[in-house]
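Novice: Below are the chains, spelled out letter by letter.
There are 4 protein chains.
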Amino acid sequence: MVEVFESIHKVRSYECDLYGHVNNAVYLHYLEFARMEVLEHKGITLDGLKESGFLIVIQRIEIEYKFPAVALDRLRIITTMDKVLNTSGVFHQQIWRIEDEKEIADAYVTWVVVDLTGRPVRMPRVLKDAFGI
Amino acid sequence: MVEVFESIHKVRSYECDLYGHVNNAVYLHYLEFARMEVLEHKGITLDGLKESGFLIVIQRIEIEYKFPAVALDRLRIITTMDKVLNTSGVFHQQIWRIEDEKEIADAYVTWVVVDLTGRPVRMPRVLKDAFGI
Amino acid sequence: MVEVFESIHKVRSYECDLYGHVNNAVYLHYLEFARMEVLEHKGITLDGLKESGFLIVIQRIEIEYKFPAVALDRLRIITTMDKVLNTSGVFHQQIWRIEDEKEIADAYVTWVVVDLTGRPVRMPRVLKDAFGI
Amino acid sequence: MVEVFESIHKVRSYECDLYGHVNNAVYLHYLEFARMEVLEHKGITLDGLKESGFLIVIQRIEIEYKFPAVALDRLRIITTMDKVLNTSGVFHQQIWRIEDEKEIADAYVTWVVVDLTGRPVRMPRVLKDAFGI
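Chains as they are written, first to last, in my numbering: chain A, -7 to 125; chain B, -7 to 125; chain C, -7 to 125; chain D, -7 to 125.
Pulled out of the complex, with its shape left as it was, chain A reads as follows (with noise of 0.2 Å):
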């Protein structure tokens, strides 16, 4: 039983590059936009795990690109939790078009939860909760 989480986003012209495409790093904001929605969801805000103590930082990205994404596209971002470990997890996040449901990116993302000094510290119940661990 793997929760799916979906956000939807519609391609800005500001995030075209002179190719027209979204620019690569742009990917990387729609896959943070999508993962902050799946916090909400949760009822987590950065805020608020700052208030206690804790900062979620991302470790580590593979994003394969595999079509470019243009000007008004409009997208789906599919996130589940592939992984949750002790003091990270990792999120498997896939952009499709959805026009005709062609694949545009595919990403593995992992992240930490460390304290104020940035030390990784096991993960708050909060935390837990929210992911059914």
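Honestly, the hints are just simulated from the structure, not real lab data. A hint or two may mislead.
Identical copies go unnamed one by one, so any copy, or any two together, can satisfy a pair.
Said to hold, decoys possible - Derived DSSO-like pairs: lysine-lysine, alpha-carbon spacing no greater than 27 Å straight-line: (1) K58 to K94; (2) K34 to K2; (3) K120 to K94; (4) K2 to K94; (5) K58 to K120; (6) K58 to K42; (7) K94 to K42; (8) K42 to K2; (9) K58 to K75; (10) K75 to K120; (11) K34 to K75.
Once you have looked at the hints, place chains B, C and D on chain A.
Specialist: What follows is chains B, C and D alone, placed relative to chain A:
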């Protein structure tokens, strides 16, 4: 004999998020900036390539975030050509904080040469010459 | 009878700076997004205009920042055509926080139509028709 | 005796849109970069001000886009303090292309000092001293 390219960037306030850290997507901008400096050094421009019918597109990025950079940090971005194949290549790129040689990020960037319709093509001579293949 | 266009945007975490506020440049992205929605609604694309030999370029922006938006705020961007002249026009754009109708920003954006060499030209028919001039 | 500050920036590929021009929002990043260089030169950091209970927020920007910059253009950003009042000030900022002294943009940026609740306050001594008021 591996050519090593070096680019310098000082972190801007608008590149930082509410943690005060450089946003993880912004590091891909730093890597793109450094790769463009390599091309420029080699006398190659994206515009010129496009006029000859070639686009360089990014196929895959693996990036490990080692330590967060903050506003005003001076960064050194080291770019080397890790591999060059018939239609594609891999850059190895590392970001270091100059002040104390702290490693900030480590990335492998796979690129491919395509024609104006997006189909992979054999690497044009100008790129082969540039990278001594 | 002034046509009023409305666009909706929910603030993303990566649009916020170390104060937690939307960065002041990002508001211009919101305004561009809303103007593109107006053009799209009118059946006009920048690509299509370019193929006909026309570019729309921004000549001047006056923006007043009334109140800072933060992550997850839902914003309403209201766009009206304030003035249309022979080669240029002015959009009035306002940004409101939906939750409490707080005014976030108020802007006047002057644009001009140029040919591919950057010279101002009389407004093409397709734009005149779109804006009922 | 007006102090004149100068910042240098070379346009990055990822700052350009599908026209090949620097996106109009990106110029506000250039202006912010230059203002931060002024503050840094004066020994002032946003973080330090925040710890003393002060935020500098932008209240209004008027920017005229004179000529589009493109990738690899080297730009000179000139910043002068146009006016300083009790709780606010105005920077005049101009962007020039170094190669041929072409004017790219001209802007007036009004800022205000607020406390951590967002209320305007009298300018702190450190800022008064910095700008010789």
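Novice: Now look at each hint and say whether the structure bears it out.
Specialist: Evaluated hints:
1. For the identical chains of this complex, K58 and K94 are intra-copy neighbours only, at 9 Å inside a copy versus 33 Å across copies, given an alpha-carbon limit of 27 Å.
2. In this homomeric assembly, K34 and K2 come within 27 Å of each other (Cα to Cα) both inside a single copy, at 24 Å, and across copies, at 17 Å.
3. When the C-alpha separation of K120 and K94 is checked against a cutoff of 27 Å, the pair qualifies neither within a copy, at 34 Å, nor between copies, at 32 Å.
4. Both within a single protomer and between protomers do K2 and K94 lie at most 27 Å apart by alpha-carbon distance, with minima of 15 Å and 26 Å respectively.
5. In the homo-oligomer, the alpha carbons of K58 and K120 lie at most 27 Å apart only across protomers (24 Å), although the nearest pairing inside one protomer, at 33 Å, exceeds that limit.
6. Within a single copy, K58 and K42 get their C-alpha atoms only as close as 35 Å, which misses the 27 Å cut-off; across copies the closest is 20 Å, which meets it.
7. Taking identical chains as interchangeable, the C-alpha atoms of K94 and K42 lie at most 27 Å apart only when they sit on different chains, with a minimum of 25 Å there against 38 Å within one chain.
8. For the homomeric pair K42 and K2, the shortest alpha-carbon distance between copies (22 Å) is at most 27 Å, but the shortest distance inside one copy (30 Å) is not.
9. With identical chains, the CA atoms of K58 and K75 are at most 27 Å apart both within one copy (23 Å) and between copies (20 Å).
10. Taking the closest pair of Cα atoms, K75 and K120 come within 27 Å of each other only inside a single copy of the chain (12 Å); across copies the shortest separation is 41 Å, beyond that limit.
11. With identical chains, the CA atoms of K34 and K75 are at most 27 Å apart within one copy only, with a shortest distance of 17 Å there and 43 Å across copies.
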